[in-house]
Each structure stands twice: as structure tokens, then as C-alpha cells.
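Colleague: Sequence:
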Amino acid sequence: MTSSRLRFDGRVLLLGCGSVSQCLQPLLLRHLDMDFTRLTVLDFEDLAGSIPDTLAAGASYVRERITEQNISEQLAKYVGDGDLLINLAWNIDTVEIIQWCQDHGVRYVDTSVELWDPYEDQLTTTPQDRTLYARHMKLRERAKTWRKDGPTAVVEHGANPGLVSHWTKVALEDIATAMLAQSELDGARRTGLEQALSEGDYAKLGQLTGTKVIHISERDTQISDKPKQVGEFVNTWSVEGFYEEGIAPAEMGWGTHEPVLPEHAYTHEDGPQNQICLAQTGITTYVRSWVPIGGPIIGMVVRHGEAFTISDHLTVWENGKAAYRPTVHYAYLPTDAAMNSLYECRMNGYQLQTDQRIMN
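Residue numbers (this note's numbering): 1 to 360.
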């Protein structure tokens, strides 16, 4: 199997050199046709030794931390008009970094919507204020000021959030196609499904297929020959990233079929109002789900951007009101080591362990 490489003549700045970035870099080397001396990897830790192939291809490694004070100065060193910024770092304000890219003609992609300090005022703000929903509303307001012909910014497009949105569409197409193969399907529904398929109307597909709940279910089954130590947080990806989203309020897209709100639930007063949040952390909110390899799981409703974007995209509006929307949320069961790490973290009053390890 062969595939053509994508020609890119600009510069690329890759923010972050953690576990996700280290997985992405071989793909960049494989699929981009570019002068890799124009690729810069920037991280505040000395991780250059973990990316020998990237550096051998000609890329540069810069040890620097992007802050609210130096963001403009630092970004301008490595990218400009027509270039690409891939943001795989954490705690860099998404609205501000995209604003800089819009102002300087830089194309942008990331995997999550971030703030400079996600823990600021967390004891004095409401659960709604600490949600991803609130971050998306802030981003949408700022986006109204951007030029329609400005540089592209693709937000929250990793695996999940990201690829799972495409897979949701494929799943709806598959369900609709299977239903159309049934001879007993009534005429009106058949016509509606055929039209929705031909038009790519996924919200209507969700409604006509009777889809009520969408779980983004994940079980991480990785194991290590090195057991977790006392006072150590072990995970298969960013410890800080998991901790930040895990101790935040649980969030989910809330379906129009749901008769009552759960206990400790909060709604939103602005925007599409497609989500609710709970006054409890995602890592203490459990839901029964299922994964193809392994079967039933009990996962955590850790907040994830796809719970917002999928439920929003699949809403059918009639006369300004939501006539149909599925319930959408993440159901995450991390590794045994990560579960034990979370339990220890909770025992210590949610103080994150200073010793941290990424399994690989």
C-alpha cells in the first residue's frame, strides 16, 4: 500500500513534546513532503532525547515555556503567514493563541480547548463557569470577530475529541443503511432516511434512526512490568491533562428525550444549551457502557469536547427550539495503574502526585 505525501513549503511549529506529540511526529515524517529543517518542536521540558528520528530529519528542538506574557514574541520566532502551528501543549489559552494565528495568517490545529490557569477561582465560581461549554461559548464569541477568509483553525481534532466525530457520522450512516434494508420500514421514514443520507443531514439521521444516546466509550488495557509506586501517578498519556479534565465538573450533551435532570445537575442560560454539567467531578461520575473488545465497562463521565460538539451538531431545531438531540458523553476506563493513581489522588484531597510516569 502506497500513499502520496502532502507537499508543504511553509514552516511548522509543534508545541509540546509529550506522549501525544511523540506519537504524531512519526506521522509528520511519513506523510509530509517538506524540508524538516523548517519544523520546530517546542516544550518547556528537556525531551529532545525522546525524538531522535525527528531531529535526525532536520527538525529543531527549543526548550521554552509559552506564557501569557511571551506568547506573541515566542510564536513570531517560528511561524508567520502561510505557516502551520500544531498545539499539543496544555494550559495555553486557546482563544488567545488562535487570535494570534488569525492576526498573523497562521494555520492552526489542536486537540483541546484550554485556559492559562484552569484552576483559577475554582472554589468561588459556579460549576457552569468551570465547564468546557463556557470555553466554547467564549471561543464562539471571539470567532465572530475573525475574517471569513482568514487562516483555518481546526479546534479539538485529535482522536477524541476529533476522529470520534467522523466515526459518529459513519455509525449513523451504517444504522440508516441497515434500516433501509428492512422491508418492513414504513414509507415516510424510508423517504426521510434516504433524503437525510443523500443530503448528509446527520442531525436528521440521528432523529429518524431513533438514536437516543451516544457513548464515546474507551477502555485502556495497557499494563506495565513496573508496578505503580506509592505517591506516583501513572498514566498512558499526559498526567496533567488527565488530572485537569478529571477533577472538573462532569459534562454531557443532554438529550431531548431525557425526562428529568439528574441530581446536582446545572443547565446553561446562553448558547445552544445542549449540555448540562454536574456539581461533581468527572472521575467520580460513573456510567455503564460497552466496548467492542472486552464488552461491558463502568466508565467515568470525564468531560470531553466531543460531548459538546456532537450533541450540538446532531440537534434538530424547529421554530427556535430543540426538537431532537441525543445524549452524548465520554465513558472512560483508564488503565489499572491510572485508576489506582486517581484513587490515591482522591485520598490526598485531590493533590496531584509529584512523581509522575507515562507508560510506553
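Note that these hints are calculated values from the structure, not bench results. Some clues are possibly wrong.
Listed below are the simulated DSS-like cross-link pairs for lysine-lysine, each with C-alpha atoms no more than 27 Å apart in a straight line [as the list claims (entries may be wrong)]: (1) 204 <-> 77; (2) 226 <-> 212; (3) 321 <-> 212; (4) 212 <-> 148; (5) 321 <-> 138; (6) 169 <-> 321; (7) 77 <-> 321; (8) 169 <-> 226.
Colleague: So which of the earlier hints does this model not fit?
Modeller: 1, 2, 4, 7, 8
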